[in-house]
Amino acid sequence: MSTAKSKLFKDPASTESVRSILRVVILLTIAAAAVASRLFSVIRFESIIHEFDPWFNFRASKYLVKHGFFDFWNWFDDRTWYPLGRVTGGTLYPGLMVTSGAIWHALRMISLPVDIRNICVLLAPGFSGLTAFATYLFTKEMKDSGAGLLAAAFMGIAPGYISRSVAGSYDNEAIAIFLLMFTFYLWIKAAKLGSAMWGGLCALFYFYMVSAWGGYVFITNLIPLHVFVLILMGRYSGRIYVAYSSWYALGTLASMQVPFVGFLPVKTSEHMAALGIFGLIQLVAFVDYLRGQVPSKQFNTLLRALVILITVVAFTGLVTLTVTGVIAPWSGRFYSLWDTGYAKIHIPIIASVSEHQPTAWPSFFFDLNMLIWLFPAGVYLCFRQLRDEHVFIIVYSVMASYFAGVMVRLMLTLTPIVCVTAAITVSSIFDTYLEIDSPEEQDEDSDSKKSKKAKELSGGGFLSSKAPFIGIYSITSKIAVIAAFSVYLVLFVLHCTWVTSNAYSSPSVVLASRMPDGSQHIIDDFREAYYWLRKNTPSDAKIMSWWDYGYQIGGMADRTTLVDNNTWNNTHIATVGKAMASREEVSYDILRKHEVDYVLVIFGGLLGYSGDDINKFLWMVRIAEGVWPAEVQERKFFTARGEYKVDAEATDTMKNSLMYKMSYYKFASLFPPGSAQDRVRGAKLPSEGPVLHTLDEAFTSENWIVRIYKVKDLDQFGRDHFAVSAFEAGKKKGKKTGLAGRAGGKKGRRAVRI
Amino acid sequence: MRLLPVLTAFTSLLSLSVAQKPHKYQTFAELASSSKGSKGSILLNDQLFAEISSPPRNYTSVVLFTALDSRYGCVLCRDFQPEFDLLGNSWHREHPQSDGLLFGVLDFSVGKGTFQRLGMSTAPILMLFPPTTTGSPSEQMPLKFEFNPSDTTPAEAVARWLTHTTKHTVTIHRPFNYVKLFTFVGGIIGLATGSKLAYPYLAPALYSRNLWAAVSLVAVLLFTSGHMFNHIRKVPYVVQGRGGGVSYIASGFSNQFGLETQIVAVVYAILSFSSIALCLKMPRMESAGKQKIAVMAWNLVLLVLFSFLMSVFKMKNGAYPFFLPPLIA
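Listed in order, the protein sequences are those of chains P and F.
Residue 1 is where the first sequence starts when you use this note's numbering, and the numbers rise one by one after that.
Residue 1 is where the second sequence starts when you use this note's numbering, and the numbers rise one by one after that.
Please keep in mind that the hints were generated in silico from the structure rather than gathered at the bench.
Heads up, the beta-carbon is just placed ideally off N, CA and C, and yes, glycines get one too.
Incorrect hints may appear among the rest.
[As the list claims (entries may be wrong)] Distance condition first, Cα-Cα at most 30 angstroms in a straight line; then the derived DSSO-like pairs of lysine-lysine:
id, chain 1, residue 1, chain 2, residue 2
1, P, 636, F, 290
2, F, 292, P, 478
3, F, 290, P, 645
4, F, 290, P, 478
5, P, 655, F, 144
[To be verified] Using C-beta positions, here's what the derived DEER-type ranges look like:
id, chain 1, residue 1, chain 2, residue 2, range
6, P, 670, F, 218, 51 to 61 angstroms
7, P, 727, F, 317, 20 to 30 angstroms
8, F, 317, P, 192, 39 to 49 angstroms
9, F, 71, P, 593, 52 to 62 angstroms
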């Protein structure tokens with residue numbers, strides 16, 4: 001090691017321009033890697049919108065570019081929630097659609113007429129590059145640009161974020177995480193500089209965030225919490241006051257312009273913390289001002305009492321207003337975050353969503369790998385320095401890890417801070433061990449050393465940073481540590497790529513399976529069925545299905561649905577649940593009253609697709625029971641031994657329910673007699689399948705995943721359908737004299753199979 | 001207001017039945033006071049039960065068959081009894097004359113005959129005997145209430161059931177829990193006083209950075225190792241595995257045991273601590289030789305534990321292709 005050379009590298013001034021070019025190149029590479037790793041699904045399948053919610057967003061975006069912004073704003077959608085309809089323009093977060101609409105218009109302006117679908121598909125990967133950049137900026141404020149680059153790289157490929165931002169996952173989170181990180185960056189900048197301009201910018205991006213994702217409440221509570229902790233720590237300053245006041249005043253006013261949010265920021269408890277802290281900081285500022293003017297000690301005591309009194313009064317007022325109902329109580333989704341048992345008892349519709357389940361530790365490790373254990377170390381390093389912005393990281397870490405533990409979905413908000421803190425840890429280790437110069441070991445001058453040590457100890461400090469920084473003596477130690485961490489980092493990259501490719505790149509609209517010879521087989525039942533609906537039913541046909549498929553039917557089949565993933569009306573969903581869970585007589589009545597033409601069920605029994613309706617059935621029953629406890633009872637779907645069965649031992653209620661009948665109708669005829677098997681539940685089915693009286697099978701997809709039934713019209717002679725089928729069965733019996741009706745039926749079915 | 005016509009109809013019916021057949025009890029109030037029951041419900045015995053349940057009836061009776069004696073060890077019965085009393089009291093408060101809805105309790109110790117006659121082998125059972133003077137025969141059959149063990153407010157559930165199945169509207173008036181209020185207020189005052197007195201001693205801890213760091217880190221480690229999952233799903237701590245051994249690690253990706261999460265949390269903690277030691281402690285060591293050994297030791301700890309973590313994860317997720325030497329599962 002020549003010292004001259006290392007000097008040259010270490011002199012910041014001489015290499016600044018090279019460094020900044022390198023930084024730009026590295027950031028561009030990270031952004032490219034972030035985009036590229038999200039394209040697995042496009043390469044494997046095609047440029048297609050994924051899952052459920054994105055289909056609605058896609059449909060809304062199409063509406064936006066077709067009809068223009070103002071029509072979109074006032075959009076009343078009569079093709080969903082039949083017959084109620086939905087005031088779509090006022091009940092969605094428009095940020096996502098407006099973003100892709102703006103991109104679409106911008107591209108057209110420069111003569112690049114790209115299809116809106118491709119913009120929608122590629123929006124999330126595009127924004128992930130920006131997220132990496134925002135993370136870089138954020139981390140740079142915390143430590144330095146080295147840590148920033150590491151954080152950006154982690155953020156670009158961490159599966160916890162990729163899970164919500166692969167190509168085709170056109171959901172609010174696609175742009176929201178970028179906005180989250182950028183708003184936080186602006187907030188840190190505002191709080192550091194005490195600048196109203198940065199505060200205003202923060203408010204601007206906060207407004208964008210509010211218009212894009214319901215998770216904005218996280219920002220609404222985290223920034224006030226940061227300020228509150230700073231005040232408690234006695235770190236109040238004019239900078240904090242300027243930053244917070246400008247952010248809160250502008251941000252709240254701006255957020256109220258989103259129709260879906262409206263007056264919520266002054267009415268609901270979720271936003272009360274921000275309002276309360278706004279009040280508190282005014283008081284603190286006032287006291288601070290007076291303290292500067294009047295130095296009397298008694299007066300200060302008096303003021304302190306005053307502050308406490310006002311706080312207590314304000315708090316009591318808040319509680320009273322909440323109790324008396326002037327301020328809305330916590331919304332269900334938010335409340336279930338704190339009282340973890342709440343949703344299970346009171347709001348089955350929230351508990352039924354798999355994203356709202358608690359997180360087991362393997363999920364954390366799966367989504368974050370080594371970052372998860374670098375995370376606490378990074379938090380600790382923040383405690384060591386503990387500047388104002390480090391307090392923010394600590395508060396964020398604790399809150400976000402709690403939320404991520406309670407709800408799988410909120411892993412998304414935890415991922416950025418884990419990347420930031422892990423990057424701080426790794427970069428600190430690299431700072432120490434990548435130092436080319438080794439220190440000289442000092443002579444064994446024990447006396448002076450001891451005195452020095454004693455001095456440092458008495459001087460205080462923080463845990464392991466008491467002694468002065470010396471450096472690493474041995475080159476072997478350096479190489480060992482650096483090599484180990486390089487291996488870990490490579491392993492992390494491999495892990496992320498594997499997870500992305502295997503777990504998060506399936507569109508779930510199109511399923512992939514492996515043939516025995518290893519080649520890929522595409523299962524395209526959903527699109528097959530939706531396309532059948534599009535081509536073979538009248539354009540005003542009403543399709544009933546469980547709410548999970550509402551958006552897809554609206555987006556792909558373009559038909560009217562009864563309920564969809566918006567879940568704004570629990571009773572309507574419960575009606576559908578009741579229709580599915582009841583006997584045909586009851587269900588037919590419901591179907592007629594809602595003018596349902598077709599009923600669609602998802603059935604995985606043939607293929608072993610576990611996300612089917614029979615597995616979701618208990619939730620339908622539970623939700624229906626919540627509204628009609630006398631007519632639908634969950635207990636009746638369990639056998640006497642408390643098991644949920646679909647085979648011969650299934651309860652009568654189960655066997656007579658519309659869902660069971662539609663799922664297993666004619667299923668047994670696929671197999672040789674007596675060997676019908678449901679591959680999802682591993683159950684052997686009775687060879688006599690259910691009989692449908694009021695529905696006709698209209699379409700069953702290739703692998704039986706989607707089954708569509710047509711609701712029979714009223715009988716022309718005014719009989720009920722059970723009488724009709726009994727009559728027809730009798731006639732058949734009459735024709736084949738000498739053969740028992742049952743045997744005849746069996747024979748007919750066998751012929752169908754061959 | 002809606003009760004008025006019911007009331008008049010009922011009193012007329014009552015006077016009618018009294019006129020037809022001279023009865024031992026003139027009113028339900030008398031019946032109620034004749035036994036030692038609480039205000040709202042009547043303590044029945046075999047004879048009384050036969051009397052009130054035999055047709056003709058122009059009233060609805062709700063009878064709880066229970067076994068309160070500790071000999072029978074019926075926990076459910078004892079849990080439900082206050083709820084049933086509350087139900088009877090709530091009805092009695094609104095309808096001092098019972099108004100055609102009667103609550104009775106038949107304990108097994110005094111009503112063995114009835115239990116045998118009705119073929120009851122379990123308790124508690126709640127039966128409703130509708131009036132025999134109105135409605136079709138099918139509506140006159142006694143009804144049984146299905147207990148739902150997960151219900152936190154059984155009285156309300158029964159009230160809903162009664163409102164649904166009879167013409168009466170039963171509302172529950174839960175008495176205000178003053179004890180709870182006083183404990184709450186007392187607790188707050190106590191806490192305030194306590195913190196005021198203890199402040200001088202607690203202040204150093206309150207301002208101690210180390211303490212807050214420890215609290216935050218423990219919280220983060222708990223939450224990221226799946227503690228909330230344990231809390232919500234109430235998973236077992238360990239499970240007896242096959243062959244008598246204890247299995248610490250749950251099979252399956254979305255499943256875990258209590259001990260498993262603690263192991264994982266400890267592993268995370270040690271890994272974190274090793275990286276902190278590497279980047280903070282090591283460069284502050286003065287002796288070159290000691291430093292070399294310490295760096296190598298921490299590096300090794302890090303490697304072995306991370307490898308262990310990977311192997312545990314591979315155990316949970318069989319398809320996971322990666323591993324880290326030296327531990328290969």
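Status of the hints after comparison with the structure:
Restraint check for residue 636 of chain P and residue 290 of chain F: the C-alpha separation of about 71 angstroms exceeds 30 angstroms, so the hint is violated. Proximity of residue 292 of chain F to residue 478 of chain P is assessed by CA-CA distance (about 9 angstroms); at most 30 angstroms being required, the pair is judged to hold. This hinted pair does not check out: residue 290 of chain F and residue 645 of chain P have alpha carbons roughly 66 angstroms apart, beyond 30 angstroms. Straight-line distance between C-alpha atoms of residue 290 of chain F and residue 478 of chain P comes to about 14 angstroms, which keeps the hinted pair within the 30 angstroms bound.
Distance hint between residue 655 of chain P and residue 144 of chain F is fulfilled; the C-alpha atoms sit about 24 angstroms from each other, no more than 30 angstroms. For the pair residue 670 of chain P and residue 218 of chain F, the beta carbons lie near 56 angstroms from each other, so the given range of 51 to 61 angstroms is met. Checked against the hint of 20 to 30 angstroms, the pair residue 727 of chain P and residue 317 of chain F fails, with Cβ atoms roughly 57 angstroms apart. Take residue 317 of chain F and residue 192 of chain P: their Cβ atoms lie about 42 angstroms apart, and the range 39 to 49 angstroms holds.
Separated by about 55 angstroms at the C-beta atoms, residue 71 of chain F and residue 593 of chain P satisfy the suggested range of 52 to 62 angstroms.
Hints 1, 3, 7 from the earlier list are contradicted by this structure; the remaining hints agree with it.
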